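There are 2 protein chains.
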Amino acid sequence: MTDNFHSLANCIRFLSMDAVQRANCGHPGMPMGMADTATVLFSNFLKFDAAAPDWPDRDRFVLSAGHGSMLLYSLLYLTGYPQMDMAQIKNFRQWGSLTPGHPEYGHTPGVETTTGPLGQGLATAVGLALAEHIERSRFGSELVDHRTYVIAGDGCLSEGISHEAASLAGHLRLHKLIVLFDDNGITIDGDTSLSVSDDQLKRFAAYGWKTLAVDGHDSVAVREALRQAQDSDRPTLIACKTVIGFGAPNKRGTSATHGAPLGEDEIAAARKELDWPHAPFVIPQKLLDEWRCIGARGAKEHDAWQQRLQTATDDTRQQWQKLREKNHDTEINQAISGLKEELTKEAPAIATRKAGERTLSTLAGVVEGFIGGSADLTGSNNTKVGGQQTVTAQQGGAYLYYGVREHAMAAAMNGMALHGLTPYGGTFLVFSDYCRPAMRLSALMNLQVIYVMTHDSIGLGEDGPTHQPVEHLSSLRAIPNLHVYRPADAMETAECWEAALLNKHTPSVIALSRQSTPALPPRTVDENLCLRGAYVIDEPVRRDVTLLATGTEVVLALATAQRLEIDGIIAAVVSVPCWEHFEQQPVDYRQAVLGVAPRFAVEAASPHGWERYAPAEHIIALPHFGASAKAETLYERFGFSVATLVTAIKSALTK
Amino acid sequence: MTDNFHSLANCIRFLSMDAVQRANCGHPGMPMGMADTATVLFSNFLKFDAAAPDWPDRDRFVLSAGHGSMLLYSLLYLTGYPQMDMAQIKNFRQWGSLTPGHPEYGHTPGVETTTGPLGQGLATAVGLALAEHIERSRFGSELVDHRTYVIAGDGCLSEGISHEAASLAGHLRLHKLIVLFDDNGITIDGDTSLSVSDDQLKRFAAYGWKTLAVDGHDSVAVREALRQAQDSDRPTLIACKTVIGFGAPNKRGTSATHGAPLGEDEIAAARKELDWPHAPFVIPQKLLDEWRCIGARGAKEHDAWQQRLQTATDDTRQQWQKLREKNHDTEINQAISGLKEELTKEAPAIATRKAGERTLSTLAGVVEGFIGGSADLTGSNNTKVGGQQTVTAQQGGAYLYYGVREHAMAAAMNGMALHGLTPYGGTFLVFSDYCRPAMRLSALMNLQVIYVMTHDSIGLGEDGPTHQPVEHLSSLRAIPNLHVYRPADAMETAECWEAALLNKHTPSVIALSRQSTPALPPRTVDENLCLRGAYVIDEPVRRDVTLLATGTEVVLALATAQRLEIDGIIAAVVSVPCWEHFEQQPVDYRQAVLGVAPRFAVEAASPHGWERYAPAEHIIALPHFGASAKAETLYERFGFSVATLVTAIKSALTK
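Line order of the protein sequences matches chains A and B. Numbering-wise (the working numbering), the first sequence opens with residue 2 and increments by one. Numbering-wise (the working numbering), the second sequence opens with residue 2 and increments by one.
Treat the hints as calculated values from the structure; they're not laboratory data. Hints may be right or wrong, so weigh each one.
In this list, chains with the same sequence are indistinguishable; a pair is considered to hold if it fits within one copy or across any two.
Unchecked claim - Lysine-lysine pairs mimicking DSSO-like chemistry, simulated, CA-CA at most 27 Å apart:
no., residue 1, residue 2
1, LYS91, LYS273
2, LYS91, LYS327
3, LYS203, LYS301
4, LYS242, LYS203
Being a predicted model, the structure only gives us computed values, none of them experimental.
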């Protein structure tokens with residue numbers, strides 16, 4: 002194979018050059034620069050079986066520098082992944098192809114995660130490695146024993162999330178995480194010296210990583226480095242010094258190769274330079290055969306693994322199956338139903354974050370692969386419950402202290418969800434802003450990640466406007482395929498948790514209050530009303546007005562309705578715990594809930610978007626930032642009181 | 002003074018303990034731990050004149066660990082800042098006080114920036130130091146020669162933004178930036194060993210910083226470290242080993258002191274421990290006098306500086322004045338008017354990002370203190386124009402290569418705006434998610450920061466869904482006090498830029514297209530129509546329907562109107578470049594623009610929020626993520642074509 006090494010690597014180079022040229026856009030420089038390193042990785046190290054991209058114990062390969070997608074697509078084609086034929090390579094970046102501009106999870110077999118926004122791949126890989134650690138700890142290395150490899154560029158390492166993720170990986174000593182840093186010294190704007198002076202090896206060493214530096218075009222050196230990395234007791238960063246656009250005689254080593262086709266002339270020159278006489282998109286059969294051998298290299302190991310799974314104890318196999326298939330809906334429903342019956346009796350007046358904790362206590366033993374955590378707000382988010390073992394470098398478990406790393410928490414949860422676990426993680430709702438790029442990927446990848454976001458309004462109180470979410474509910478509702486829940490009491494909290502767990506292809510935000518709130522009037526426990534998205538609390542005999550509210554504002558709406566009744570105005574109160582579910586209801590149901598009477602909406606947050614359900618002048622909301630004061634003072638001062646609401650409603654009705 | 006050193010520091014400790022106790026919430030641990038270090042800084046190093054918090058050449062002090070706000074408020078009170086009397090201290094965290102839970106810029110004299118979200122203070126401080134570098138380079142060290150000091154905690158250093166900001170500061174060798182790291186080993190969840198193993202000194206050394214470690218309670222050592230830092234040719238991190246809650250005999254060194262009152266008993270014990278016999282909120286006159294001397298220490302230097310300003314050349318003084326007062330509106334208006342006349346003649350069909358570049362060319366020499374930049378997308382964002390000198394470690398200038406650091410760019414722009422400059426910075430609109438926590442602070446602090454965000458829709462094309470904004474326009478519109486512009490052609494781009502520059506207390510997002518778009522029909526150049534927020538393009542004789550659109554979808558609306566006219570349906574087309582301006586118009590204007598005919602809205606982005614202007618079923622938008630393909634294909638496939646629009650409108654009208 003070593004004789005052929007450069008030819009094997011050149012297969013990647015020319016597929017990348019030709020595909021980018023044909024698409025007339027794309028990024029050839031990175032695949033050309035990293036072709037040698039990737040060839041070493043795939044031919045000698047990566048444990049995979051191209052015929053079975055879903056083999057659970059495969060090594061994960063994450064192309065964090067996702068713009069270099071042709072590197073990955075070339076490898077998928079060459080090693081023989083299903084569906085990845087030459088037509089797909091030729092259709093690079095075209096509508097409907099399996100070869101979009103950046104790798105998209107769920108779209109292309111063999112793509113482990115969606116990468117594109119720089120830094121996300123690296124942080125997601127930390128989650129993958131973390132999941133391996135947790136699952137290995139649970140099932141043993143007979144069933145779980147694989148590595149996570151990442152190719153990351155300067156951009157990935159410049160992003161803030163790289164700090165959070167690498168620091169977390171170092172702390173947890175995720176030794177099966179190996180990052181190949183494409184150290185090519187070039188970014189879009191030009192030479193990295195324009196903007197970066199970091200000593201990346203020193204930096205990663207400061208996180209507790211093993212660090213190595215090699216010539217990324219020297220296959221022997223790369224091989225030796227990967228060998229050392231495999232023996233490391235810590236995560237490893239291998240800085241691979243490469244020449245971007247390697248092989249393009251006039252453009253190599255410059256940002257001109259980064260994000261644009263090389264041009265026909267330069268590609269012709271590269272063919273000469275690299276002694277590659279083949280036409281575009283032609284891979285000589287001998288080389289293709291060799292690559293296909295590489296792709297089948299792991300088949301035996303895969304078989305052996307299947308054997309081990311089949312000969313495992315019944316108990317192990319059942320647990321394994323349950324984790325992978327998430328077939329725990331019945332148990333979840335039973336647990337929640339039991340809790341709801343208790344709550345009906347108790348009608349507790351507690352903060353919904355406390356209700357969340359109580360719900361979690363019920364669920365913790367029930368949900369397979371449930372992995373909780375918080376970004377250093379465990380006691381405030383109420384995310385940790387009894388019996389959850391903390392994940393450390395030495396042991397797996399069910400709870401993670403993520404530290405003050407909201408962004409890495411979100412991305413690591415994506416990685417764990419990709420690996421089959423069901424992660425939930427807490428922070429304050431206002432810090433959803435810190436998580437947002439990774440939350441978007443949860444939604445884009447259809448991952449069941451549950452964001453527990455407490456202190457969900459000005460009800461947070463004295464910490465003031467930097468800690469009070471205002472625009473957050475609205476701006477999360479704007480994200481496609483994200484369920485945003487804001488339960489009104491303990492019962493709704495239990496139901497929202499159930500809804501989040503039943504929806505296995507959609508991430509959820511559960512927004513919970515810091516402050517206590519009374520239980521709503523008793524209602525049916527037979528149906529999960531929150532799954533309806535909105536429902537009428539105690540339909541009145543007639544409606545003069547309909548009040549829509551969410552979360553802690555529902556009791557305010559109820560109190561307002563009581564007060565209005567004294568003056569003969571009959572109000573229906575609608576709790577709206579989840580817009581997205583409501584929009585999926587049949588039109589009849591929606592019309593019945595919304596009614597034909599004048600509608601008012603109350604939410605202690607930005608009005609933006611509420612015009613969907615109520616006219617702009619009927620929206621009682623917060624069109625500005627909060628302030629530092631007691632929660633009750635803020636509600637009063639900002640117009641969230643029965644008196645203000647009654648006045649506003651009466652004045653509108655008499656217009 | 003040295004004799005009294007501990008007593009001086011204890012003033013801070015007891016004010017903090019007592020104020021938190023009285024508020025019955027807050028964070029006493031950090032002020033108690035850092036009281037000694039802060040006392041050294043304020044008494045021996047910080048250049049300030051408490052009587053003149055706005056002296057431009059003062060040293061900046063940023064409390065990045067903003068939860069320890071009582072440290073800052075104590076210092077402001079003790080040194081005699083205006084308005085900060087004992088009543089304010091006693092009103093800590095109450096409605097209307099100058100002492101909110103976290104420091105708020107513009108609210109309390111002496112507070113240099115709003116800190117609260119962890120990490121933001123540190124990154125904003127990099128912007129302050131950067132502004133000092135740029136202004137010193139321009140005006141000389143007679144007028145600009147000050148340092149930026151930061152107190153940051155473990156949380157700040159854990160956040161991703163700390164990486165981006167510290168790396169940028171190291172690259173630019175901002176040697177007048179000095180960070181005191183409160184190395185107390187405690188976070189909310191407990192001991193830092195729960196979640197962090199970073200070697201922070203090594204990490205910052207990897208960024209090119211000078212690093213020092215001292216006992217934060219040893220005033221001699223802190224003094225020596227600060228002395229060394231002042232001589233450094235690089236930014237300096239001083240890790241101050243401290244005991245959180247220092248002085249509280251039973252709780253010191255634990256997370257129990259972090260975020261909750263100590264309790265009466267523990268405070269009584271602390272009074273004994275620290276030999277502080279004074280009642281709550283009582284500072285012995287002798288100590289107060291001493292502190293007030295410290296507060297007046299800089300008065301002479303301030304006077305001398307005033308002298309230097311007055312004896313500077315007329316030219317220098319005028320430029321200085323102009324920069325500070327931003328009184329360049331007439332010149333801006335002239336420049337934009339000239340450009341608009343050219344554009345009327347040319348009617349160029351260009352991408353609005355190209356139009357942005359052209360506008361910048363016109364403005365670059367006109368706007369005082371204009372500082373451009375991009376997060377490694379200079380050529381794509383079209384943010385750099387001829388004549389802009391690049392800011393480097395060696396020189397000031399007008400353009401910054403921020404590197405792949407969107408978040409630090411946004412926060413650094415906040416810092417520069419706080420310092421009086423007018424920064425703008427570019428990235429793709431989809432990466433507004435990376436900037437978002439800092440953008441929120443731009444809005445909260447009323448700062449004129451201009452975000453140039455290109456590739457503003459699926460029109461971005463082949464890079465695919467990770468790079469295509471969908472929910473971003475909507476979720477930015479949800480942020481209070483942020484102007485979101487989406488111009489439709491070159492003319493509107495010029496106008497939106499003018500609007501952004503005229504609004505000096507509001508940040509702006511200017512969303513610009515990657516793809517070319519024709520010029521809209523000629524319209525008046527005498528008025529800036531974009532300042533109206535929305536306007537009718539060529540009011541028709543009657544309206545059967547009104548089409549609202551933004552950005553590149555305006556020409557689509559115009560084409561649709563033309564097509565509808567063939568069938569006898571007369572449509573008015575309204576361009577809506579800025580919702581926020583439109584909402585500020587008189588009701589008559591708004592009603593005239595919106596009209597009474599059925600309204601349709603077209604935007605290639607999330608429909609969320611458009612219900613404000615059109616019924617849900619009349620919104621032609623993108624309720625899902627994009628895809629990788631050519632821009633034209635995506636527009637066609639996702640229903641943004643004349644044919645689809647015409648069908649949708651006709652079908653709705655005949656219902």
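Now for the hints, and whether the structure bears them out:
Proximity of LYS91 to LYS273 under the C-alpha cut-off of 27 Å is restricted to the intra-copy arrangement: shortest distance 22 Å within a copy versus 79 Å between copies. Taking the closest pair of Cα atoms, LYS91 and LYS327 never come within 27 Å of each other, the shortest separation being 38 Å inside a single copy and 54 Å across copies. Taking identical chains as interchangeable, the C-alpha atoms of LYS203 and LYS301 are never at most 27 Å apart, the minima being 40 Å within one chain and 45 Å between chains. Taking the shortest alpha-carbon separations for LYS242 and LYS203, both the intra-copy value of 16 Å and the inter-copy value of 23 Å come in at or below 27 Å.
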